[in-house]
Structures are given as C-alpha cells and as structure tokens.
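Need the complex rebuilt from these two chains, each delivered in its own frame; the hints are there to steer you.
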Amino acid sequence: MENRTDKNSYTILFAIGMVLVVGALLAFAASFLKPNIDENKRLEKQQNILYAMGVNENDESNANFVSTADAPELFQKYIEKQLVIQGSDVVENDQAYLIDVKKEQTNAKAGIGRKLPLFVGKKDGKTFYIAPIRGKGLWDAIWAYVAMNKDMVVQGVFFDHKGETAGLGANINKRFFMDDFIGEDLKNNGVFKGIDVAKGNADPLNKDKSDNEVDAIAGATITGNGVSAMLKSELKLYEPYFETLKN
Amino acid sequence: MGLLSKKDAKLITDPLADNNPITIQVLGICSALAITAELKASLVMAISVLFVLGIGNVVISLMRNIIPSKIRIIVQLIVVAALVIIVDLVLKAFAYELSKTLSVFVGLIITNCIIMGRFEAFALGNGPWKSFLDGIGNAVGYGVILIIVGFFRELLGSGTLFGIPVLGDPIAKTGFYAIGYENNGFMIMPPMALIVVGIIIWVQRTRNKALIED
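Protein chains in written order, with my numbering: chain L, 121 to 367; chain A, 814 to 1027.
Mixed in with the good hints there might be a few duds.
[Unchecked claim] Once the Cα atoms are required to be at most 25 Å apart in a straight line, the calculated BS3-like pairs of lysine-lysine come out as: (1) L/Lys319 - A/Lys986; (2) L/Lys127 - A/Lys883; (3) L/Lys294 - A/Lys883; (4) L/Lys294 - A/Lys913; (5) A/Lys883 - L/Lys161; (6) L/Lys246 - L/Lys307.
Derived by calculation from the structure, the hints in this document are not laboratory data.
Note that the coordinates shown come from a computational prediction; the quantities given were computed from them, not determined experimentally.
Isolated chain A, as found in the complex (with noise of 0.2 Å):
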C-alpha cells in the first residue's frame, strides 16, 4: 500500500477483521439476515453499501463543520435518502434491468444503520479523504461478512451458488442427493443467518482473544 500512509491503509484493513461493522461493531445486523439467502443478492447489496457509504461519507464529511449539532441525525438521513433515489432514478432511467434487482435494497440501504453509524462515529469527525477510506473500509468488511453468510446459506438451503447447481438436482436425484443429501430448508429462514454470523464471530473471537470482552 505505497499509495496510503500507515494510518489511512489501517482505515480500510481494520474494518475487514478486527473492527469488522457486523461482527465487532454489531452495525447492518438487519441486513445481513434479511438479504443473504442469494449470494447474488448479498453481492448486489454489498456493492450498493459501498458505493453509498463510500459517497456518503465524504458528503457528511465536507459539510461536517456546517452541520448544525441538534439536527445532524435528520441531516445525515436527508444525505443518504437523496444519494440512493438518485441512484435508483439514474438506474431506472439507462440500466432497467439492474433496477429491478436494486430496487428491493434501496429501502433496506436507507434504514442500514452501519450508514448513519460510520456518518456519527467516523464522517462527522474526520476529513474528507480519511472519511472516503472509512467508508470503503467498512462497506468491504460487511461486504465479506454477507458473501460468506449469503454463500453458506445459498449452497446448504438450495445446493445452488449464483443460482447455478453446484450439488446437483433435489428433484431428479442426482450429484449429491442420489447418495441420500437433503437441502436444508431452514438455511433459507433468517434465523439460520443469525446462526452463521454467530459462528463468524466465535471463530474470528477464538483465533483472536484480544477481542473478547470481559
């Protein structure tokens, strides 16, 4: 990392492992359940995330000292409301077809509380450039987080990835199911993703007890 100082790599490095936003920071939980029963639909929100924190806290970050304190929550809201329906618009507008598969996150990425948590802990305080990385940082690390739930579930609860069969086909009995594999169709219901964060968690708190609250 030659382009970045020590200081500003470790604002995009610690949100992926040791700060990660799901795990450490308990941001974007909601999410995280919600949408990660596709790894399509976990990849498409991931890069919505990062592209909407990304901007938004460079945003947050450049008016920070006009701000005034006792509305800030409502202006940062303001913030990234009016972000995502211009990207909705502009998508509708010249890339339909994406639309319609972002459509159902635009609400969810306006209630993520990991956007106006990193606006609050990190854009308010901070320049615009750090502001940037945070967001990148961040985004990537919950990003990770919904890939690895999004992939488990995909491929335990319906033996496909990307929609595509990976262990056969259920119906017909082939691949895996002719030897007596069954779907788990609880891997689909959001309780299950609560299930794989929390070993996320207890995996990453093993392999590092620095982590671990008294």
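Just chain L, same shape as in the assembly (with noise of 0.2 Å):
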C-alpha cells in the first residue's frame, strides 16, 4: 500500500495544519507574556540607569543592580530630571527614559529629528547627565547608559549586548571592562574624541585617564570597535547640549 502521508494532498494539508497550529500558539504565547516582559524591560531601563550613576548593589567583582522591588523607588529619589533633547529644545518629560533609542536612530536616517532623552540624577551632591546609546558589537546589537558629569567626563557606565560572544565579546557587561571608564575624559582639551578600546595601549591598569583609550579584552576586537564607535557616533550628539551647560 502507498503510505498515505507521501501523498501531495496531504503534505500540503498537514503543512497548513501545522502553521495554523503553531502560528496560533506562538501569536498566543507572545500576546498573553506581552505584559509581563513589557514591565520586566521596563524596570530594567531603570535599573541600567541607576547602575551607571554608581546606585547599585554591587560586591567586591560583580556588577549587581539594586533588586527589581526597589528600582521604581529609587529612580524616583535619585533621578531629577528627564529631559528630551531635540536640536535646540530641551524639554521635560517623566517618561523619557521609555524612548526606544532604536527607533529614535532610524527616525535620524530617515531625516525625521531624533529626539535624545537625558536623564539628570543628584547622588551625595554630584550631579550625573546620564545618557542611552546604542550601536553595533560582532553579533548584534550592543548598548550603554553613560553616566558623565558636565564637562563629559564619564562617572559610571553599564555596557549590554544582545548577542556578544560568550566569554569574550559579552564579557562587555562584566565590571574589569565596565570600571576602566570611570574617571575618562570623552574630550582631549577641549574637543570632544570619545573613548577608543585600544590594544596594546601599554595601560592595563588604566591609569592614564586622559589619553581616551581604555584597555581592550582579548579575543574581543569587533566588540570592542563596536563600544569605540558607538561611544564617539551617539555621545558626539550630546555635546551641543554640554556646551550650553558652561554658562
């Protein structure tokens, strides 16, 4: 007998079958979790932003965020302000730190102005401008929230990949490469430069802070051009608003 599943009506049958059946099942998944992730990015924001202005829980060698329970809180008591920075207006806005950086860099491409959300925070008498940045590691997209004080001179940052590989390129979100930043300098007298992950810079302990290079993880290099020219490209935007600080 001719095995009934080699028929060509079959196949097709059992080939829209199976679509309807896992379409339906994932589009379901997808809409009844949608929340739950929602509000789990959303407390995340907020933890990376505290994170890059020092408000963390971490020990000797890890990176730890404060706990999800009192991230709301604490984003409250410690971040002042929230501005939306577009061309020459700044504006206020308590929900800027939900603006997509993704969807606000392809607004840029296509001529519509993007709109730069800075968040302002106030911890022990030191004010942080702390800002979101996106760009591109070996694999996927790579992130930070920069935390600088008014002459952009970085006080805390939290690196993030979506994809990096492990071990090397993801080790972007451990503290060795995290705390190399603090106290640079994003300019060279005066003039903004950026951050440069550099090999061989003769600095493993990173204790030039002025020279605008940090040391770069081996194994890592693309990821570490990544983080170089995401720091230049996005904070490089930032700098007309630096400027107006000054008076």
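Structure follows, in structure tokens:
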C-alpha cells in the first residue's frame, strides 16, 4: 500500500495545519506574556540608569543591580529630571526613559528629527548626566548608559549586549571592563574625542585617565571597536547640550 | 537502573561514552566551539539542550506516523523553533535575568545539528519513551564534553572557573602568577576548543580501540 503520508494532498494539508497550530500557539503565548515582558524591560531600564550613576549593589567583583522591587522608588529618588533634547529644544518629560533609542536612530536616518533622552541624577551632592546610547557589536546590538559630569568626564557606565560571544565580547558587561571607563575624559583639550577601546595601549591598569583610551578585551576586537564607535558617534550628539551647561 | 530495562538503559549510557554525539557522531561541534570559553556558558547550554532535545524528541516521536516524509525536515525545524521560542518567552516574562543569559543560546539551539540529528536518526523511528531516553542520553553526552572543554578553556585561558579566580590575580601577580605563570590567551579562541575536543577524541579512542575506524 502506498503510504498515505506520501500523498501530495496530505503533505499540503499537513503543512497548512501545522502552520496554523504553531502560529496560533506562538501568537497566543506572545500576547499573553507581553505585559509581563514589557514590565520587566521597563524595570531593567531603570536599573541600568541607576547602575550607571553608581546606585547599585556591586560586591567586590560582580556587577549587581538594585532589586527590581526597589528600582521604581530609587529611580524617583535619584533621578531629578528627565530631558528630551531635540535640536536646540530641551523639554522635561518624566517618560523619557521609555524612549526607544533604536527607533530614534531609524528616525534620524529617515530625516525625521531624533529625540535624545538625557537623565539628570543627583547623588551625594554630585550631578550626573546619563545618556542611553546604542550601537553594533560583532553579532548584534550593543547598548550603554553613560553617566557623565557636566564636563563630559565619565562617572560610570553600564554596557550590555544582545548576543556577543560568551567569554569574549559578552564580557563588556563585566566590571573589569566597565569600571575602566570611570574617570575617563570624553574630550581631549576641550575637543570631543570619545573613548577608544584600544589594544596595546601599554596601560592595562588604566591609570592614565586623559588618554581617551581604555584597555581592550583580548579576543573581542570587533565588539570593542563597536563600543568605541558607539561612544564616539552617539555621545557626540549630546555635545551641544553640554556646551550650553557651561554658561 | 532497576527502573529501566537493559535496552533502555543503554539508550542513556551509550551516548555518554562510546556513542558520544560530539566525539563519535560529530554532531553539535559548532556550538561546542562557540560557547565553551566559559564554564558557566557551557553549563547553561548543556541544560538548555537537555531540555529542548528531551521534549523535542518526544514531540517528534508522537508525530512520527503523521509527518509527511517529504517535508519532515521542515516539520522538525518548526517543532524545535516553536519550543525554543516559547521557552524564551516564558523566561522573559517570569525569569528575566536568566533569559538575558540564555538569549544568546536560543539561536544556537535551533541550528544545533545534534537536535535535528537525533530527531531524524532516532525519534522518527521510535516510540516516545525510548526517544525521550535517547534525547536525554545524547544531551548529557553532549553536555559532558561541553563542560570538560569549558573547564580547560576557562581555567587555562582566564585562570578562573565560573568567573571565580582560582589561580590568583594575573594583574597583581598573586598565587600562581607570582611564580611566573601566565594565562594562555589562545585558549579563549575557538580554534583551541577544536584542539581540546581533538585531545578528548584521542584519549577516548586510545582507551577503547573498538572506536577506531579503518
């Protein structure tokens, strides 16, 4: 007997049925879980911003966020205002942290003005300006929250990535890498220069804070270059705003 | 193994050594090279594959009599992709921290040839219980190699295990580093994973001559 599963009609019907069942299943799962996922992402943003300005629960060697339960309250406490910069317009908006940087980058490419969110936080009498930025690593997106003072000297930074290689590029979110950025000047003699993730800068302990360089991670050249490029191109956009702070 | 018949037990124990998916069947090599620079990543990948292969094998086995043979590969692909996506969504909703660690493996699991390899070679021709055991056995066999490779690469490449320094501090020159030991940066590159896997294959075949092909 010819096997009934070999018939073309059966094959097509099976394919259609399979697509419908699996599609419905995935759509149901995605929409059912969406509120939870969105909430997790929102809290993560608050945690990231707080981390960059030094509000975290770091132990000796590991990067730890404040707990998700405390995040909203601490965010209220430490973040004084949230700004949206568009050209020379600066407006306050307490939902600015929900701005999707990726979408804004696409808008900028399409010629629609880009909104730049900036968070102003205060801790122990020091003022922090925290910018969310986004770039490309080796495999996928990388992003960062960079806390600066009004002279664009980095006060703290949080990097993260979507899918960099475990053990290599993925280490950009480890403290040994992120902490190197603290104190680095984004400018050089008053001119914006960014910070390069440099190989062989003969400064592995990162003692020189004015060389616009931090030590790279071995085996993660492309991710490191992505970090350099992201810092340079994205933070440059914020430079005009920092100029206005001088007056 | 009182619970399992001798034949069933063999399904679990065989892939651990004499029919190991990586060293003998040469399945799942790509991910073995990609993610073994750290022990933690190896362990997470091993557990993820255990889960997907165990359940996937059962699903495919249950469907084995209704899957049209002409499109069976695509059907297998859809089953594994759907499984992985659902797991990823659930983790994102209820264990967000964990999902961030896992997200990089999601793509790797779908393309992992060990999964399709076992669906095709075993689950399509055997019952669900046997397929489940085969899935678990192969995933554990795969995981064991991953963990061995990850152990040596992280220890020799970074001087740490699970991110904890075990040989001292390479910059402050304490522990082993005080007597002139250096991390071998080459160990964290993928080619060294291939060499470590090669050494495991060599050791295994030296101990069991029956595995040597002509």
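Hint by hint, here is what the structure shows:
Taken as a hint, the L/Lys319 and A/Lys986 pair is honoured in the structure, with Cα atoms around 21 Å apart against an allowance of 25 Å. Between the alpha carbons of L/Lys127 and A/Lys883 the distance comes to roughly 9 Å, so the proposed pair stays at or under 25 Å and holds. Between L/Lys294 and A/Lys883, the direct Cα distance comes to roughly 48 Å. Violation of the 25 Å bound is thereby established for this hinted pair. Between L/Lys294 and A/Lys913 the CA atoms are separated by roughly 14 Å; this keeps the pair inside 25 Å, and the hint holds.
Between A/Lys883 and L/Lys161 the alpha-carbon distance is near 42 Å, which puts this suggested pair outside the 25 Å criterion. Under the criterion of a C-alpha separation no larger than 25 Å, the hint pairing L/Lys246 with L/Lys307 is consistent with the structure, at around 20 Å.
Hint compliance for this structure: hints 3 and 5 are broken, all remaining hints hold.
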